[in-house]
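Following the hints, put chain B in place on chain A, whose structure we already have.
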Amino acid sequence: MMSDIFFKLPYSDLRLYYNGTFMRAKREGTDNPLRWIYVEEFGEAPAGVNVAFRDTESNTAMLPLKSLKWDFTVPPSGAYNYKNTVVLFFRSPVRQTTKGIAKSNTHFINLMRVVARAGGIPQSFYSAHDFVLSAKSLNLLFEDMEPVSYEKGLEKIARKQSLAYAVNSRISISQGIISTHPSIWLKTRVIGELDLKREIIYPLHTAFVPELLSTFVDKGLIVNQS
Amino acid sequence: MAAKVPYKLLRIRQAVNYYPLEPVRFTPSTLAKIEKFLVNRRLMTAYEERLERCPPIMDIDAVMGLEVEAEKVMPALIENAPPFWTSVQDNSLRNNGREFLLLPSTPEVTRRSLVALMTLFRDGKLGMPDFSWRTSIHVHLNMRNERVEQFLNFLVLYLLFEDSIFSFLGEERRASNFCVPVQETEMSYFISRMLVGKARLPAGLCEWQKYSALNPRPILYNDHASGPGPSENNGKGTVEFRHLGGTYNLSLILQWFNIILSLQAASRRYSPDYIEEKVTELGTRAEYVQLQTDIFGDLLPPPPRDFSSILYSSVAYAKECFCPIPSIDDIVSANARKETGLSQMLELRTRGATTGDARKKKVGAPKLMQFPPGQFWTSGANGIAPWDFSVPATAAQAHQFHHGMGTQPATFVNGFVTQYIDDSEGDQ
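For the record, the sequence lines run as chains A and B. Under the numbering used here, the first residue of the first sequence carries the number 96, and numbering increases by one thereafter. Under the numbering used here, the first residue of the second sequence carries the number 787, and numbering increases by one thereafter.
In short, the hints are calculated from the structure, not lab data. Built from N, CA and C at the ideal position, the CB exists for glycine as well. Just so you know, nobody snuck in bad clues.
Covered stretches of chain B, going by a simulated chain A footprint (3 or more residues, C-beta under 8 Å):
no., region
1, 986-997
2, 1104-1113
3, 1118-1132
The following block holds chain A by itself, in its conformation from the complex (with noise of 0.2 Å):
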């Protein structure tokens, strides 16, 4: 959605795309970031078209829909940091109206869901560091969440501080599942263990040897091959 198309969308088709959905957007003239606000509805003025939305999770506004800057991309799709675990973001194509980002045309899941699932991490664990679509987390998730860089995600894993950190947007690192070795993850499945006394990934399947090679050797870590 290019923003000529937008502000020329009638009322009804406002509705229809963008009612009960997520966007990022910042009052026209600030210096402020894009934020995601939750848009609530639309209402015909007669100055144009107004906006009903929440920028956090109590304060709602209505304002000109002109008078907010909007952001039309999607993040990309992949790992991302959150709270001490990962979160994957995917986009679900499933037959639906809505643009932005709203629980029908997108995917928010917990790396360690089905861990928990499998009965792996006690309920009461798990939901403390899972993901809740609101405006708050996307904010959390997209914007505000700090870098974190291979050698303390490492670290925190290590003391056990940290469910799981992205290492990049498809490489992910967690607690051992399998042994007492951090877990290795592409997306949502496991394909390695990492040593880390020896400094050696071990792959679980040869597919995936050349992403870890060019993702984990200038970190002086060896990938075995054998």
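Only chain B this time, still in chain A's reference frame:
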């Protein structure tokens, strides 16, 4: 008694119990029908000029169908569509939007029918339809006659070149929620299950979502059918390409057709083993360019110089399809009684959460450790050492400050730790 044909060698129409499809073929009678229509509308010259400017279409044994969405379609145009075209209302469109549907046709008939339709549109005597941002041109490719393994080849080859296809057709289509790149979805899991023989077509396709850029659901399902949900074995037997936005650019459309037909030709030409080997071992730009040229000639743009942008997106996604996904349920249950990194963490956290009487009885009362302001401290195997923080801690850090694996928050003054309770067992 005849030996049972392996599932992957079955034709899709056999696998899902369809009749073969009889397309509109390029015969003198077909050509005569198109030309008669154009002569009657005095469009023959314009049609021939357009046809001459259009690139040729690949001559392979294929059947295609088209859905051309357009807005501002006048009623007279609906009543006077060229032969082999019908039109239906499409609620996703505005301003008298219609979807023009081409009967299943061989490639050359598809090409000529499309040129005839665009000539009629361009002529404008019955109104000139608008290809607004809402419109798109969907291409359906018949799969009924393909073997199951050829269809799987087709999927993998498509995934391998998905980035190049979006580069060719326009990156803005990537952002559309109605044409989502497959690599941005979770479909690799289901493709993988079909490839390794753990799922048959119905199981794999029912998980696929309609608004994927490549949508193979129509092989089996009719998402337009009325009723509570999609009905199985009521599909067209086709895969749908949703990439192309509405356009009058016939050269672009024809080139797109040729890319699709090249994919189908390659899916028939290469064996599954060859494709698996090629995909799983593909690691350099030169190898990728070679395979792309073998399949598409010069139809697709060359990959970017920074090959990693493709290697770790579409190439990696195609590789994922050949990698059986370990079952996390199996892993967790197999290791339930074994010590894992996760179980160690949980044990420490649980111990921290229940720190209290039980632990006090076991290890004695926690020691109160005092430190001067100005530095974090931690203890490990080598004794107490300064924590390498050069700035005062935030409240969040303060809360997270643990001695080893302990969980008791420390006391902070002016952002610096002054004391904490040593609730660990000194085993770090």
